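*Asks:* Here is how the chains run, residue by residue.
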Amino acid sequence: MSDILKALIEIVGERGVSNTPEELWFYSRDPGVLTPHLPDYVVAPKTTEDVQKIVQLANREKIPIVPMGNGMSLAGLVIPLKGGIVLDMKRMDKILEVNQMARYAVVEGGTSQGVLKAYLQDHYPQLRHSIPDAPPTTTIAANMALHGQGRLTQQYGFNTDMVTGLEVVLPTGEICRIGSPSLGPYWFSKGPTLPDLSGLFLGWLGTTGVITKIGLRLYPNKKIRDVELFVTDRVDLIPDMLYRLTHLEILEDVNVWFQPKPLMFQDNFHITLYFTGDAEEEIAFKRKMIWDTLQPYMDSKDGGFMSVQYMKPMLMEMPQRGIADFADVPKGGGFEYSGPITIIEHYPQYAAKVVELAAKYDVLYASSARLISGGHCMMFSISFAFNRNDPAMMERVKHALDEATAFALEMGGIPWKPNFMEQKMTMAKMDKNALKLLQMIKKNLDPQGIMNPGNWEVN
Amino acid sequence: MAYAHTIEHAEIVHRCFRCGYCKFPEDYVDFNCPSYKAFGWDTYSPGGRMWLIRAWLNDEIKASPHFAEILYSCAACDNCKNQCVFPKFKDFLPEIFQETKVELVNEGRIPPGVRDYLKAIATNGNPYKLPQAERGKWAEGTRLEPYTNQEYLFYVGCVGSYDEVGQKMARSVGRLLVNAGVSAGFLGSAETCDGNEVRILGEMGLFTQLVGDNIEKFKERGVKQIITLDPHALNVFKKEYPKLGGTFKVFHYTEILAGLIKEKKLALSDYPAKVTYHDPCYLGRHNQIYGPPREILKAIPGVELVEMRRNALNAFCCGGGGGNFFTDILGAGEDSAGRVRVREARDTGARIVAVACPSCAKMLSDAVKTEGLEDTLEVLGIAEIIEMARAK
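Note that the protein sequences, when read in sequence, are chains A and B.
All residue numbers for the first sequence refer to our numbering, where the first residue is 1 and numbers rise by one.
All residue numbers for the second sequence refer to our numbering, where the first residue is 1 and numbers rise by one.
Every clue listed holds true.
The following label-pair restraints were derived from C-beta to C-beta distances:
1. Met316(A) <-> Glu307(B): 22 to 28 Å
2. Val178(B) <-> Met316(A): 51 to 57 Å
3. Glu307(B) <-> Leu5(A): 41 to 47 Å
4. Glu107(B) <-> Asn459(A): 45 to 51 Å
5. Glu164(B) <-> Arg15(A): 30 to 36 Å
6. Arg343(B) <-> Asn459(A): 49 to 55 Å
7. Leu5(A) <-> Gln225(B): 56 to 62 Å
Incomplete in silico selection of chain B near chain A, CB under 10 Å:
8. Val13
9. His14
10. Gly20
11. Lys62
12. Val85
13. Arg309
The set of hints was computed from the structure by calculation and includes no laboratory data.
Here the structure is a predicted model, which is why all the values come from computation and not from measurement.
A virtual CB, placed ideally from N, CA and C, is assigned to each residue, including glycine.
So that you can see chain A by itself, here it is in the shape it has in the complex:
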């Protein structure tokens, strides 16, 4: 047994470390199209102190560490590109606190979205968090490490905007509290009015430390939630429709989607509008406001509301279980997407690009955009399904996604959860001084370069 393995067992016990071929094989990959790379160890800490000791060991021995939630970014962000330790955080899954009055929760770094949702439903049914459409096994901390979005992103911004404090283990092993918890027992602010240090960790894909605790805002869980579905074949009108809709400031979530299959959806663009209220009168009023806003497009016969009856259970689900089903359309178990953040005005160009790329690479597409922060920008997903048993199709999807990222950068967009190649493309285009600053931060925080190496690596 190697000295490293012995040391790891000493920290987390025998059931907390594995270097068997089975675990190494599994933790070398994610469900996307990127090439796997084997780690040397998979380690599952149970406490912040475990994480600290593992990081100290890795720092001393210069061993890469890749923090992992459920590994569902699909962009290979937890593939250990340079080997080392994959840190499976899911055994740190406690919900530590809910402050009902201040509307925040504090959870450990491996707590899943699903478990928090169920916990709030059981104990604080009047509160909710911004749950993403990723599977419920995905973890809250991982979502924050990649600037995730969720059901409340239209109203309140990226999920990272909802963070209210962090505990992180720095790459050199120090345990550090960020925001109001650095001064006292309350987790109500990640930064303001202090210098906002949370920005050193949120969205960094685990390259600057390991998030071991996280505070996040909770929001009122209204008694009634409803949905309307507007359909148009005029892609050029969508930015204007979204502009008018966001002016209302009453929508919980807005998704714009189009897909060629099933055929009933072909050639149309669908705007799903979610809204909530505490009384039927409030719902009726909001519905009227939505209908009134879109009435001009109905008058000009450019669109209309579609009956949502048979789709309603699926549309109302959080997360939507049917989303993963897209992977099975080519009977193949896979899909991956590029999700650039862009301005709403560019919706038509992005929509055209999806169709163009799907035709060029002979792959099946689907797209769903989500408005962010009242329409200041949107996440535009360019999704391609693939058959995992068809390496050629996977390669085509990879090329299509690379081209989608190049297009997004040309259009002035920002790639969301970019894989290591897309990060390189992004850094090549980035303002040189911004890149230098990124490098300075990374070097100072992680002098040995052990944290998820290969990602946000400035050479």
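Please arrange chain B on chain A, whose structure you already have, making use of the hints.
*Replies:* The following block gives chain B in isolation, referenced to the frame of chain A:
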């Protein structure tokens, strides 16, 4: 694609997305896969298992003892089949796991506990390695007669025949059938293993032999209807025996007792107790029998039935399925299924955990001891509770 190994459903294994819905119950309150809960590695989840099977089929990993442990730690509870989000794929999950175990048996790469179990069944007809002559001992004092063409065969199974906890359950059912005047008999020393676990562990040769022998025996004796003590037996009689020529009308004892109570053939007295009911996987998820045990408990005056957080379709397994009752691959650690389940039962405030399966009874009784809950929680079979209510 050429596989070094093959299983019947090899061509669809790649369709697992490993999204992880299969780990959870419907509302995500906690992990509902017993092996993932116990071991904590993604490899021990249904998706992990599926991806490893694909790697093994592609010869990217070998059938190592660890691979076999991962496969055999599956409790066959069927939660994954119910929670998987791929409608055309989900029904095959348990088959894919079972087919892989068949290959491991064929290649002789099974864990020692599995080997010993199968060997004991092959040699002794039961996993306890006890004499066949002792198989009917549980019936002493019940006044239940040996089977001689009565309306029902009361089939008890290995756990009910030999395990102390199972025997208690079997005796209670036997006595109630007699008291209610049900025409039923038992096979005693003529009874042999039903084969449910043998099948799930992948020994298809032994399984076919057991089923063939049982079908012949049942037919010779004119058996038409069977009441089972054990939901595992119910499952295999209902689903597998017809494929091999043995079609019988099969009931679980709770279905029969619920009917007898409705027909007022079993009078019940007041029995004040707060009771929670644990759904056995082979009765609930596998065979959708959720109502009768609850109807019985609700019919007992004074019983307050409180549900555990996870119940019915979403119930958490006791950890005894998939042969784990005998092989103990899941172990008795803090997150082992039985211990998690009795903590969940404790949280309801109930003083009795009602069970309808001898394996669950044993698993949960052991877990109550390990958790130090003997003073607050008692595990009792549904028939035992009825008898207590009748004794007053």
